[in-house]
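Visitor: Here is how the chains run, residue by residue.
2 protein chains.
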Amino acid sequence: MRDSYREQLDDILGDLVQMSQAVSAAVRGATTALLEADIHAAEQVISGDDAIDATQADIESRAFSLLARQAPVAGELRTLVATLRMVTELERMGDLAAHVAKIARLRYPEPAVPDAMRANFVRMGDVAEKMVVSAGQTLSERNLQTAQELHDRDQEMDELRRSQFRALLGDDWTFGVEAAVDVALLGRYYERIADHAASVARRVVYVVTGEFPDDEVWPQP
Amino acid sequence: MRDSYREQLDDILGDLVQMSQAVSAAVRGATTALLEADIHAAEQVISGDDAIDATQADIESRAFSLLARQAPVAGELRTLVATLRMVTELERMGDLAAHVAKIARLRYPEPAVPDAMRANFVRMGDVAEKMVVSAGQTLSERNLQTAQELHDRDQEMDELRRSQFRALLGDDWTFGVEAAVDVALLGRYYERIADHAASVARRVVYVVTGEFPDDEVWPQP
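So the protein sequences, as listed, match chains A and B. Going by full-length UniProt numbering, 14 is the number at position 14 of the first sequence; the sequence numbering is gapless. Going by full-length UniProt numbering, 132 is the number at position 132 of the second sequence; the sequence numbering is gapless.
No lab work stands behind these hints, which were simulated from the structure alone. Check the hints yourself; a few may be wrong.
Cβ pair distances, simulated, as ranges [as the list claims (entries may be wrong)]:
{"id": "1", "chain 1": "B", "residue 1": "Arg123", "chain 2": "A", "residue 2": "Phe165", "range": "46 to 54 Å"}
{"id": "2", "chain 1": "B", "residue 1": "Arg162", "chain 2": "A", "residue 2": "Asp115", "range": "46 to 54 Å"}
{"id": "3", "chain 1": "A", "residue 1": "Phe212", "chain 2": "B", "residue 2": "Glu159", "range": "55 to 63 Å"}
{"id": "4", "chain 1": "B", "residue 1": "Phe165", "chain 2": "A", "residue 2": "Arg142", "range": "37 to 45 Å"}
{"id": "5", "chain 1": "A", "residue 1": "Ala54", "chain 2": "B", "residue 2": "Arg162", "range": "25 to 33 Å"}
{"id": "6", "chain 1": "B", "residue 1": "Gly176", "chain 2": "A", "residue 2": "Ala119", "range": "38 to 46 Å"}
{"id": "7", "chain 1": "B", "residue 1": "Thr209", "chain 2": "A", "residue 2": "Ala116", "range": "46 to 54 Å"}
{"id": "8", "chain 1": "B", "residue 1": "Val122", "chain 2": "A", "residue 2": "Glu156", "range": "34 to 42 Å"}
{"id": "9", "chain 1": "B", "residue 1": "Asp172", "chain 2": "A", "residue 2": "Phe212", "range": "16 to 24 Å"}
{"id": "10", "chain 1": "A", "residue 1": "Thr209", "chain 2": "B", "residue 2": "Arg166", "range": "46 to 54 Å"}
Listing some non-contacts, in silico: residues in chain B with all C-beta distances to chain A over 10 Å [claimed, not checked]:
{"id": "11", "residue": "Arg85"}
{"id": "12", "residue": "Pro109"}
{"id": "13", "residue": "Glu178"}
Positions of the beta carbon are idealized from the N, C-alpha and C atoms, including for glycine.
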């Protein structure tokens, strides 16, 4: 019975890692939709969000059921409680990717992002996608080094967002109000994806060490 | 020992209700800061967010410790797991109120919201604040009726946001890019506060009934 319980716990963690891969694919697809005005990529991300939501519900109910039936203690209890949180964070990242894709679809066949902001969003999309992948690796390998890298990448995302604001509010913004609103919201969505990825990493640190990283060194997003 | 455990659980729920009151005060303060360009209100919300974060950490560690020591089952397990989620939702609402207050502070002594959008934000602030209060009541009274009202208010919030977009993207938007970016982000923050409040209500329904409300009737935010 103990073995089967461990197997169930391992299955849950394996599915959480797979879910993180589905979410990173959604983030990549959303960035493609945005930068290439690719309507098919947009539709795929938007319709694919249901599957991510279903995975969340499934993992959540299995984790809850293990909690209820096995009354785990110590490290395993920490793992299950962290799983409940991480699955929510991953589901939100999927929502945010769908938000990005919806803006791309709304502006299609025009690109939602002006050419002048393209490089910024290429970088944002890349950082966000890598962060989701790293969050998944942190999870599967319980690697605290990767968790620290995630923290550094999150700061790069913040800097990308600040440079967006400088462009948006500078005198040479000539792309009008609609593009400004799109860019501000898109920047917010990518920033939140990064925050959630960093938060997943914090929880892995917690699962492995029993303590959250020092708030001074690694503030809660 | 059982009694003392029930008392600890009641204390946790009582503190969660108090936390919801602190959060609704933060939302009210943020709206005042925004609409009255009130720098003191803004500073109070921003600096007060630390206390909300500390309450989250405290409730979370007590709930976790009860889970670890008491291995609760059925309704009590559901309540504790939902508590861990709700305390995170409340903390996020506090962050979002602080984001609103920071925009008010950034534009001070000018108001961040153009006069033409004032009525819309008065309404948004009011709906958001009432939703946080209702979420707290739903929690303290486990009242499913209030939970349903929250769902209806959330739809009003969505409609307010749509009307913001119509104003922002209409031909008669004459307030420039900076105000447009502020309004778009502020609208997003209020909408998210409402989403989190509705989500807290969903969890109360889950705690009381053991099932989430039908997704058709009441989609997950």
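Visitor: Are the hints correct? Go through all of them and say.
Guide: Checked hints:
1. Arg123/B - Phe165/A: 46 to 54 Å: Between Arg123/B and Phe165/A, where Cβ atoms are some 27 Å apart, the hint is violated.
2. Arg162/B - Asp115/A: 46 to 54 Å: Distance hint for Arg162/B, Asp115/A is violated at roughly 29 Å.
3. Phe212/A - Glu159/B: 55 to 63 Å: Distance hint for Phe212/A, Glu159/B is violated at roughly 39 Å.
4. Phe165/B - Arg142/A: 37 to 45 Å: About 43 Å separates the Cβ atoms of Phe165/B and Arg142/A, which means 37 to 45 Å holds.
5. Ala54/A - Arg162/B: 25 to 33 Å: Holds, at about 28 Å.
6. Gly176/B - Ala119/A: 38 to 46 Å: At 25 Å between Cβs, range violated.
7. Thr209/B - Ala116/A: 46 to 54 Å: Because 52 Å falls inside the window, the suggested range holds.
8. Val122/B - Glu156/A: 34 to 42 Å: This hint holds: roughly 38 Å between Cβ atoms.
9. Asp172/B - Phe212/A: 16 to 24 Å: Given range 16 to 24 Å: violated, Cβ gap about 49 Å.
10. Thr209/A - Arg166/B: 46 to 54 Å: Holds: the Cβ-Cβ distance is about 50 Å, inside 46 to 54 Å.
11. Arg85: violated (7 Å)
12. Pro109: Nearest chain A Cβ is 18 Å from Pro109/B, so the label holds.
13. Glu178: Violated: least Cβ distance 5 Å, not greater than 10 Å.
In this structure, the hints that do not hold are numbers 1, 2, 3, 6, 9, 11 and 13, in rising order.
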